[in-house]
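Enquirer: The chain contents come next:
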Amino acid sequence: MTETGQTRIQSRFAACAAQGRAALVTFVTAGDPDFETASAILNALPEAGADVIELGVPFTDPMADGVPIQLAGQRALKAGQTLKRTLAMVEAFRKAGHDTPIVLMGYYNPIWAYGVERFLQDARRIGVDGLIVVDLPPEEDVELCLPALEAGISFIRLATPTTDDKRLPKVLSNTSGFVYYVSMTGVTGGAIASYDAVGDAVARIKRHTDLPVAVGFGVKTAADAAAIAKGADGVVVGSALVERVRLSLDADGKATDKTVSAVTSLVAELAAGIRTVSKAA
Amino acid sequence: MNAPRNPNTYRSGPDENGRFGMFGGRFVAETLMPLILELEQAYDAAKADPAYHAEMAGGLKHYVGRPSPLYLAERLTDHFGGARIYLKREELNHTGSHKVNNVLGQILLARRMGKKRIIAETGAGQHGVATATLCARYGLECIVYMGAVDVARQAPNVFRMQMLGATVVPVESGTKTLKDAMNEALRDWVTNVATTFYCIGTVAGPHPYPAMVRDFQSIIGRETREQMQELEGRLPDSLIACIGGGSNAMGLFHPFLDDPTVEIYGVEAAGHGIPSGLHAASLTGGRPGVLHGNRTYLLMDDDGQIKDAHSISAGLDYPGIGPEHSWLNDVGRVKYLSATDEEALEAFQLISKLEGIIPALESAHALARVAELAPQKPRDHLMVVNLSGRGDKDIPQVAEILAGR
Numbered sequence: 001m002t003e004t005g006q007t008r009i010q011s012r013f014a015a016c017a018a019q020g021r022a023a024l025v026t027f028v029t030a031g032d033p034d035f036e037t038a039s040a041i042l043n044a045l046p047e048a049g050a051d052v053i054e055l056g057v058p059f060t061d062p063m064a065d066g067v068p069i070q071l072a073g074q075r076a077l078k079a080g081q082t083l084k085r086t087l088a089m090v091e092a093f094r095k096a097g098h099d100t101p102i103v104l105m106g107y108y109n110p111i112w113a114y115g116v117e118r119f120l121q122d123a124r125r126i127g128v129d130g131l132i133v134v135d136l137p138p139e140e141d142v143e144l145c146l147p148a149l150e151a152g153i154s155f156i157r158l159a160t161p162t163t164d165d166k167r168l169p170k171v172l173s174n175t176s177g178f179v180y181y182v183s184m185t186g187v188t189g190g191a192i193a194s195y196d197a198v199g200d201a202v203a204r205i206k207r208h209t210d211l212p213v214a215v216g217f218g219v220k221t222a223a224d225a226a227a228i229a230k231g232a233d234g235v236v237v238g239s240a241l242v243e244r245v246r247l248s249l250d251a252d253g254k255a256t257d258k259t260v261s262a263v264t265s266l267v268a269e270l271a272a273g274i275r276t277v278s279k280a281a
Numbered sequence: 001m002n003a004p005r006n007p008n009t010y011r012s013g014p015d016e017n018g019r020f021g022m023f024g025g026r027f028v029a030e031t032l033m034p035l036i037l038e039l040e041q042a043y044d045a046a047k048a049d050p051a052y053h054a055e056m057a058g059g060l061k062h063y064v065g066r067p068s069p070l071y072l073a074e075r076l077t078d079h080f081g082g083a084r085i086y087l088k089r090e091e092l093n094h095t096g097s098h099k100v101n102n103v104l105g106q107i108l109l110a111r112r113m114g115k116k117r118i119i120a121e122t123g124a125g126q127h128g129v130a131t132a133t134l135c136a137r138y139g140l141e142c143i144v145y146m147g148a149v150d151v152a153r154q155a156p157n158v159f160r161m162q163m164l165g166a167t168v169v170p171v172e173s174g175t176k177t178l179k180d181a182m183n184e185a186l187r188d189w190v191t192n193v194a195t196t197f198y199c200i201g202t203v204a205g206p207h208p209y210p211a212m213v214r215d216f217q218s219i220i221g222r223e224t225r226e227q228m229q230e231l232e233g234r235l236p237d238s239l240i241a242c243i244g245g246g247s248n249a250m251g252l253f254h255p256f257l258d259d260p261t262v263e264i265y266g267v268e269a270a271g272h273g274i275p276s277g278l279h280a281a282s283l284t285g286g287r288p289g290v291l292h293g294n295r296t297y298l299l300m301d302d303d304g305q306i307k308d309a310h311s312i313s314a315g316l317d318y319p320g321i322g323p324e325h326s327w328l329n330d331v332g333r334v335k336y337l338s339a340t341d342e343e344a345l346e347a348f349q350l351i352s353k354l355e356g357i358i359p360a361l362e363s364a365h366a367l368a369r370v371a372e373l374a375p376q377k378p379r380d381h382l383m384v385v386n387l388s389g390r391g392d393k394d395i396p397q398v399a400e401i402l403a404g405r
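First to last, the protein sequences are chains A and B.
So that you can map any letter, position 273 of the first sequence is 273 in our numbering, and since no number is skipped, the others follow by simple counting.
So that you can map any letter, position 137 of the second sequence is 137 in our numbering, and since no number is skipped, the others follow by simple counting.
In case anyone wonders, no lab produced these hints; they're calculated from the structure.
Where a beta carbon is used, it is the ideal one built from N, C-alpha and C, also for glycine.
Mixed in with the good hints, there may be bad ones.
[Claimed, not checked] Covered stretches of chain A, as calculated for chain B (at least 3 residues, CB under 8 Å):
hint, stretch
1, 82-90
2, 108-116
3, 127-137
4, 149-159
5, 178-191
6, 255-264
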């Protein structure tokens with residue numbers, strides 16, 4: 001919470017809106033390609049222009065992810081990443097003084113294995129602001145969503161093209177922080193849907209909620225980001241960033257001195273792209 | 001939390017949220033949720049429609065070749081010198097295994113829902129073959145996801161699927177076995193959700209699949225009840241079936257769950273042995289977690305990462321199990337055992353030589369425990385073993401193993 005009683009997520013979206021622009025939400029996988037490099041990337045994201053950070057929690061079986069994020073998770077797991085170490089990354093990030101909101105994104109089983117209650121206590125204490133858990137639809141809210149809200153952690157839900165007007169209220173009911181609109185049916189990293197359709201969908205969601213709506217899936221370039229930014233409160237970029245990590249690695253799959261800057265340079269381009277679009281505050 | 005909702009029956013699950021006690025549920029991405037709810041509605045409507053049941057019954061009789069015989073294995077009985085051993089001959093079904101019972105039900109449902117593109121995952125290839133077969137029969141597009149490791153070790157079934165007009169997609173991600181095939185099928189489904197019906201091959205996945213697949217497979221147990229009544233004038237005393245996801249076992253067990261005199265045994269794949277860590281025995285060697293849409297016993301590490309399963313049998317090589325089995329394990333109604341690769345291989349050879357029936361390596365796991373259970377029982381004990389599939393597909397692999405000795 002900030003002094004105004006808003007969560008870090010709320011105040012960050014409000015601050016971006018006050019600047020008349022969309023927020024840049026960046027996804028990177030915790031522990032990719034290794035703990036130290038991933039920590040360096042995380043700590044460099046705020047200065048590069050990330051407004052909100054989604055930190056991917058690696059899982060062996062990422063059913064909703066495309067190849068880039070699958071590979072990122074495999075690299076991280078191979079390097080020994082665990083949920084405990086992911087929380088340690090966030091703790092160090094907060095100790096370094098960063099106040100950029102952090103949302104952990106992944107699948108339920110690592111959290112379930114950690115223990116829901118203990119996880120929420122630790123996440124709250126360390127400074128995690130929100131959770132996106134891909135395989136927990138509203139039908140399973142008692143599992144984690146409701147306990148998270150009680151613990152003061154936002155639970156951010158995905159809305160998709162298959163989420164019709166009848167279902168939207170259910171999806172939005174216990175959502176907090178922001179709504180993540182997945183711009184297509186498919187796995188992460190696919191091709192982007194038409195920008196007009198995205199704008200229409202955002203408008204549709206906004207008829208049901210006052211929460212900011214961030215749009216993701218398929219955003220790869222500054223031009224994509226700018227096009228999405230016109231109709232949304234936030235632009236989510238993930239696969240393109242973890243692909244930057246992959247392409248920076250040496251032949252043995254190890255980080256190089258270019259790995260961190262490969263990510264931050266794209267983040268800076270995307271941040272600039274978003275700023276080319278001015279929105280009414 | 002796991003007590004039966006109606007204490008007088010073990011057959012009332014799942015509840016309206018798809019739970020069997022703490023197990024089951026609908027742990028899927030939002031993209032799939034509307035479709036899963038639509039599927040549930042469509043299935044409920046079909047269940048209430050006599051025309052659907054008539055179509056099923058006709059297909060099972062004239063296309064699948066049901067009822068499958070309940071056969072007294074006399075030489076096997078004499079060999080063990082205990083229980084009278086009956087084999088439920090699911091391997092005689094068209095396509096060579098029990099899988100077709102479920103696929104017929106789902107394909108008829110897909111037709112009712114107007115879906116023209118069918119996807120499936122497969123391990124040993126039996127479910128893939130059954131799906132490819134019924135897609136050919138009804139003129140539907142069929143895409144089968146199969147781990148690249150399984151494509152290599154189950155080559156005859158890959159060729160069969162291709163002959164039937166299906167596209168077989170080798171899955172190179174993860175461990176390249178059944179669980180990865182399921183991940184890839186789910187990725188396809190999330191992408192092509194509007195046009196596609198996901199034909200899941202076992203009693204796992206998000207609700208309503210575990211209950212729906214169980215219902216389709218329960219024909220095995222219902223026939224067994226009738227046939228045993230005809231042959232012996234009473235219920236069997238014990239049932240034994242192998243378990244990967246557990247559909248053949250659930251199909252045999254479910255109609256008997258409320259008969260307290262019937263002992264029920266499920267046999268998981270113990271691979272190189274439970275202590276080795278190289279096995280596929282989720283109940284014996286795992287703990288509850290969430291994967292592929294349901295909470296169930298899984299092989300996983302302390303961080304909740306799914307561990308690789310191991311089994312000589314591609315059809316059992318899965319780190320999870322259907323959620324209803326997890327519940328039946330916890331409430332104690334079914335006793336879950338395991339059999340190693342080696343024990344399954346021995347049983348495979350034994351029943352081939354004694355009965356002239358080459359069983360699938362999957363079914364051989366159940367037969368391996370019969371070797372232990374049957375001699376302990378009196379001569380009037382009636383034991384039913386589900387011979388869930390035939391072993392033709394395994395012959396190249398077994399030949400290679402035996403030649404290496």
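Enquirer: Hint by hint, say whether it matches the structure.
Expert: Evaluated hints:
1. 82-90: It holds, with 3 qualifying residues against the three required.
2. 108-116: With 7 residues close enough to chain B, the hint holds.
3. 127-137: As far as the stretch 127-137 of chain A goes, the hint holds, because 4 residues have Cβ atoms under 8 Å from chain B.
4. 149-159: holds (count 3)
5. 178-191: Per the Cβ count (5), the hint holds.
6. 255-264: n = 0 at 8 Å, threshold three: violated.
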